[in-house]
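Dock chain B against chain A, hints included.
Protein chains: 2
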Amino acid sequence: MSQRAFLQEVVTRDGFQSLDRFIATDDKVALIDELGRTGLAKIEATSFVSPKAIPNLADADEVMRRITRVEGVEYAVLVPNLRGLDRALPHRPHEVNFAMSASATHNRMNLRMTREESFAQLGEVVRGAAGTGVRVQVSLSTSFGCPVEGRVPEEVVFDWVARFVQLGVDGITLADTTGMANPLQVGGMTVRYLAQPGVPPLTLHFHNTRGMGLANVCAGLAAGARRFDASLGGLGGCPYAPGASGNICTEDTALMLREMGWDTGVDLRALLAASRRLPTLVGKEMPGQVAKAGLTEDLHPEK
Amino acid sequence: MSQRAFLQEVVTRDGFQSLDRFIATDDKVALIDELGRTGLAKIEATSFVSPKAIPNLADADEVMRRITRVEGVEYAVLVPNLRGLDRALPHRPHEVNFAMSASATHNRMNLRMTREESFAQLGEVVRGAAGTGVRVQVSLSTSFGCPVEGRVPEEVVFDWVARFVQLGVDGITLADTTGMANPLQVGGMTVRYLAQPGVPPLTLHFHNTRGMGLANVCAGLAAGARRFDASLGGLGGCPYAPGASGNICTEDTALMLREMGWDTGVDLRALLAASRRLPTLVGKEMPGQVAKAGLTEDLHPEK
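If you read the protein sequences in the order shown, they are chains A and B. Start counting the first sequence at 6; every next residue gets the next number (this note's numbering). Start counting the second sequence at 6; every next residue gets the next number (this note's numbering).
So here's chain A without its partners, still in its complex pose (with noise of 0.2 angstroms):
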């Protein structure tokens, strides 16, 4: 029997919302239906954030209200903030997640607003989801590294971890926003993770901007994560660096999971079909390699 390893799909919220064009209602319905009909573990749909901060995501209301859900898939919306809990709940998530950053800058930068602060709210988010039902996700982007700063000490990253557990958040994610770990590191700091006392599971989620991003899956997972956010066709790019990749692709990572003998319940034609449609409806190519070169069983003729 294989081991399980879980894919948790942010296609619909992280791929889309920085894209250059809004896609429509109907198609992020379409395409999260579908996505929830191939046996991905998790979704993360949207993101009920402010309409003039992230104009793609809008719709938040909408997509929540109108997805059919599938049985045994869960469903995970981003929210900023206490408003954006209150907005969400009415929805029913299974989760909400909230991210802030471990390095000052990048906390500043993208959030506008100190860590502390970030904290301050996360406690809001905590308390307002307690007694709903909903679980609440942390997100930790820069864990491994800063693109303003740099180098990222683990005692910071590992700090905020203690405080996470302390404040009883349920999830906590290890994010490589920026593309900048690497296997030694992803599996140093996994096995770090998993011997804190008390921490909730973890989800690691890898960009592929410096290309290794299957390779970081696989220090995690030979470290004991199981958790994994990955991007349909790879949607997703990074503001730092035009042209580079952003997030790991869902379907490359669902191949080689398969390949190495792991359950992830994924149908990988289901995925690949939907990948295959990505690019004429975002408007442009995807980084995946496996929805161009096909499964390792999409065998050719004899010429």
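There could be a bad hint or two in this list.
Said to hold, decoys possible - Pairs of lysine-lysine, DSS-like flavour, derived with a Cα cap of 27 angstroms:
hint: 1; chain 1: B; residue 1: K289; chain 2: A; residue 2: K57
hint: 2; chain 1: B; residue 1: K289; chain 2: A; residue 2: K297
hint: 3; chain 1: B; residue 1: K57; chain 2: B; residue 2: K289
hint: 4; chain 1: A; residue 1: K289; chain 2: B; residue 2: K289
hint: 5; chain 1: B; residue 1: K297; chain 2: A; residue 2: K308
hint: 6; chain 1: B; residue 1: K297; chain 2: A; residue 2: K297
hint: 7; chain 1: B; residue 1: K297; chain 2: B; residue 2: K308
hint: 8; chain 1: A; residue 1: K297; chain 2: A; residue 2: K308
hint: 9; chain 1: A; residue 1: K57; chain 2: A; residue 2: K289
hint: 10; chain 1: A; residue 1: K289; chain 2: B; residue 2: K57
None of these hints come from the bench; they were simulated from the model.
For chain B alone, kept in the frame of chain A given last:
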């Protein structure tokens, strides 16, 4: 002290051979000379195949005559047979590289011969090179899977390895010609290779066709492999998957190895400078990521 890993550059041979344009001899010589100064362990400079078979490398003699060899860098050339060896020997390469396939069908498609016919030609090359001081490397294509036959049994690969050892080759490359390898398989086959009696140094040759290239490098390293082929910018496509990546990217591999504490001897800045001129030289975008994203120490201003 960090451990040494060896990067072997194939861009001017494997990368250039399938381009739809002829790269001027001047440009080839300039690139090989530039690469020689980056600290790469080995450069496969060109191929002494029939100019009719591969017109892009018809200038192999001139290239080998005109390059300026850098002390400490090994220069290799591909030879398909004894005739190629005879053309290559006057140029005094450190090594000739001979390719055949683990799967019968790929050998027939790619080389228009049976594997036994290829092996007989390898024997001629080994005997022809004996006493010349020129090493013979054999590359076993489709060692991790065949795009036509699918799975290639490990037994088949290791039967060929045993015959190569018996023949007295100086090095063996297990090549994942069309990106079918996965990290679990790579780890297992590397361990098994290194456990064979009397085997010469192992090179692993990976393609990133399904996104697992660098994950496979990590798996190979962890299992004891130290030599890896790679192509500047990731140049070199996959004939079975238009648009998909070919060879793993040299600078992406070099950065990952450096970040993990391996000493490759490579000057990453010099490698990046060379890679960033490739799109102009070959007329297309490269799949490599680090040339777009920069090194991990290439930080950004706060904005």
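Hint check against the structure, violated hint numbers in rising order: Violated hints: 1, 5 and 10; rest satisfied.
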